[in-house]
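Student: Spelled out, the chains give:
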Amino acid sequence: MSRNHYLSWLLLFVWGAWAGAISGYLVQFSWLGRWSPDLGLALLVALAARTSVHDIAKLAICLGLARASVSVDAPAAVLAASLVCGGLLRTGRSVAQIESPLLAGAAAAVLCVAQSAWLEFAHVKAASALDFEHAGISLWLRGGVATGVVCALLGGVLANLPGLGQLARRKAWVVGASLR
Amino acid sequence: MPRRAEGFSGVGLSSARLLYLVSTLFCIVVAFLPRSDAARWLDLAIAPTRVLGELAAPIGMLARREVRAAERALAASVEREHAESLALADDERMFALPDEERLIGSRKFAHAQVLHRSNDEIECELEQQAGPDTVVDLPVVFSNSFVGRVVRVDHKRGRIRVMLATDPKFRVGASVDAPDPKAPPVSIVVGGLESTYGKSTPLSVHNPERTDLAEGLVRVDERLNPQVPFRALSEGFQLGRLSRQPSGRLAVMPEMDFRSGLFRVVVVLPPTAGERTPARSTDVFAPVHWRAVRAYAACEPAAWREGLKIDYPLGTGALEGSAVVAGARLIGRVSRAGALHSDVALLGDRGLSVQVLAKIDGEVAPLALGRLVALGREQRAGAAHFQWSPVKGLEPGDDGAQQRAATLFSGAGELGVPRGLLIGRTLLPCGPGPHVLEVEQGLDTRLLHDLRVWRGRESLDAGGGGQP
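Protein chains in written order, with our numbering: chain A, 6 to 185; chain B, 563 to 1030.
FYI, nobody ran anything at the bench for these hints, they're computed from the structure. Glycine included, each C-beta is placed from N, C-alpha and C at the ideal position. Treat the hints with care, as some may be off.
Claimed, not checked - From the structure, some residues in chain B lie toward chain A, with a derived Cβ separation under 10 Å:
| hint | residue |
| --- | --- |
| 1 | 651 |
| 2 | 1006 |
| 3 | 1014 |
Stated by the list, open to error - Residues of chain A placed beyond 12 Å of chain B at every Cβ, according to the derived structure:
| hint | residue |
| --- | --- |
| 4 | 21 |
| 5 | 28 |
| 6 | 32 |
| 7 | 41 |
| 8 | 59 |
| 9 | 73 |
| 10 | 76 |
| 11 | 101 |
| 12 | 104 |
| 13 | 144 |
| 14 | 159 |
Said to hold, decoys possible - Taking CB as the label site, the calculated pair distances span:
| hint | chain 1 | residue 1 | chain 2 | residue 2 | range |
| --- | --- | --- | --- | --- | --- |
| 15 | A | 167 | B | 1002 | 41 to 49 Å |
| 16 | B | 600 | A | 15 | 23 to 31 Å |
| 17 | A | 66 | B | 620 | 22 to 30 Å |
| 18 | B | 652 | A | 15 | 30 to 38 Å |
| 19 | B | 635 | A | 158 | 52 to 60 Å |
| 20 | A | 105 | B | 878 | 35 to 43 Å |
| 21 | A | 12 | B | 845 | 53 to 61 Å |
| 22 | A | 15 | B | 850 | 41 to 49 Å |
| 23 | A | 158 | B | 653 | 57 to 65 Å |
| 24 | A | 101 | B | 944 | 39 to 47 Å |
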């Protein structure tokens, strides 16, 4: 791996933490409120759609750690969510291309709802003072829709954030076509 | 080409994939065991990610205008809130004493604050120095109600341990008026909990002199057993009202909530007991009890959570469950003490629970609400919702009002959270419940950066690192 490649992974950590914090700012303080997207997950899907299949697991680990650094959810629950998302994306990539905005958006929306449900379930079970019946299903759905839309519209931008170009390297035939 | 794991080559599982799968399963399992050794090791392994949290902290600067406004509002109200808390302590002390003439005479009283409870015993801290007359078997009461007996005294630390009347081994002689007004009172033995699925804590009745008893007030009466020490001191204190359970058995329904309403008790001493001096400062806001911390990340990405990260790691004394305050306000509790930082669950975070004491407008006596469980907020920065399951429903006001305006404070009896921290204002619904309380905190606590975490008197006793 080249020095630039290492730098890309390092920057991915930073962008992941910033994505988590910006999502947090949007959901906690901005007018978007509960319609705020999970930018960390959108970044994961956007990169997973473009990077090598073998790198998806590493992406999931990096972005899981980055989210854990800004979230008060249990680190194990956050990492588990990210690893499962990475596993599903890897499986998805092995059978289909998800680079199209529609597919990437749909994948991000579904994963966001599943991740939200898992994190809240893990929190409630660990807190043990609350029933899962109080879970905010509408919050998960709103977050899922927002994440899907952002991933569909801005997936290309997210995957090409400064320093991440090495990770989102395009396939040879795309590069070849663009050179013509 | 990735190396195939031995034994898994048949299903095409490479060693990297196997490691990934095992890691995922490990994280899933550990997510449900937040206090396990595995969770601590994982926390240690990912501790360097705090750097990422600090790198992302400038995002919070986007809300700097609101932060300044919140800090100004807090500074303007801190003196008043502190005074409110101290006034509440005085009211608590006054209403913990009995008010029946027959219970006051020939006795002295020593106030004690409940520190924590384990099953049917409570650990209390005496507010006056424990003299040689503070001994085992002394009766412990709250107002006119009998609570239990002292079973251990720690003179050095000024602590007592009290066995509650709900303990299965506890027995106390009592009497209740006979159905025939001319007949003498009927003797019974009370102690332990009656089996029930209800929220209340009825006390079991053993060996009643008569079984055809109707309802009536049950008072401690130890004449049946002359060997009981200090029986003159406990004589006449109320145990509750006698009632017949659906099963047909007799039980005593105590006036007080033994389950979660015990915040303060009074030890009954003989009249010959010497005068005492205050053991130590009872001001919970004394700087020695607190550790100043800085919140560096309040941008929680999950919409259903409300929390922040503070620069107070486990190694410097952070403990899970410790109260986090801004000024005189309780804003949350430490939910996870990590290797390089701690997480704080704010009052708007679902699942957080706290013991609560209410000061109802127009009433002097504080009301122990018991444990409230946070349900989150309907609207961002709106009222925090709490579930309240009262043992005994609140009575309507004198004007028939079905909702009573009240100020909520933290109650004692829980490790890590001192009594008297302001929580907010709410309307308490009357009736049996359970109810959902909408608590207005007055300011957005997510925006505050300069906070303090409770170190506790307990940690001072243990040399700074004890369990609060």
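Student: Work down the list of hints and note, for each, if the structure agrees.
Tutor: Tested hints:
1. 651: violated (27 Å)
2. 1006: This interface hint holds because 9 Å falls under the 10 Å limit.
3. 1014: With a closest approach of 19 Å, the residue 1014 of chain B hint is violated.
4. 21: violated (8 Å)
5. 28: About 4 Å separates residue 28 of chain A from the closest Cβ of chain B, which leaves it inside 12 Å; violated.
6. 32: violated (5 Å)
7. 41: violated (7 Å)
8. 59: Check fails; 8 Å does not lie beyond 12 Å.
9. 73: violated (6 Å)
10. 76: violated (6 Å)
11. 101: With a cut-off of 12 Å, residue 101 of chain A remains clear of chain B, as the shortest Cβ separation is near 19 Å.
12. 104: holds (23 Å)
13. 144: Incorrect as stated: the minimum Cβ-Cβ distance to chain B is 5 Å, not above 12 Å.
14. 159: Holds, since 17 Å exceeds 12 Å.
15. A/167 to B/1002: 41 to 49 Å: Because 44 Å falls inside the window, the suggested range holds.
16. B/600 to A/15: 23 to 31 Å: Roughly 28 Å apart at Cβ, these two residues keep to the hinted range, so it holds.
17. A/66 to B/620: 22 to 30 Å: holds (25 Å)
18. B/652 to A/15: 30 to 38 Å: violated (58 Å)
19. B/635 to A/158: 52 to 60 Å: Given about 39 Å between the Cβ atoms, the range is violated.
20. A/105 to B/878: 35 to 43 Å: Violated, at about 51 Å.
21. A/12 to B/845: 53 to 61 Å: holds (54 Å)
22. A/15 to B/850: 41 to 49 Å: holds (43 Å)
23. A/158 to B/653: 57 to 65 Å: holds (59 Å)
24. A/101 to B/944: 39 to 47 Å: holds (43 Å)
Hint check: violations occur at hints 1, 3, 4, 5, 6, 7, 8, 9, 10, 13, 18, 19, 20; the rest are consistent with the structure.
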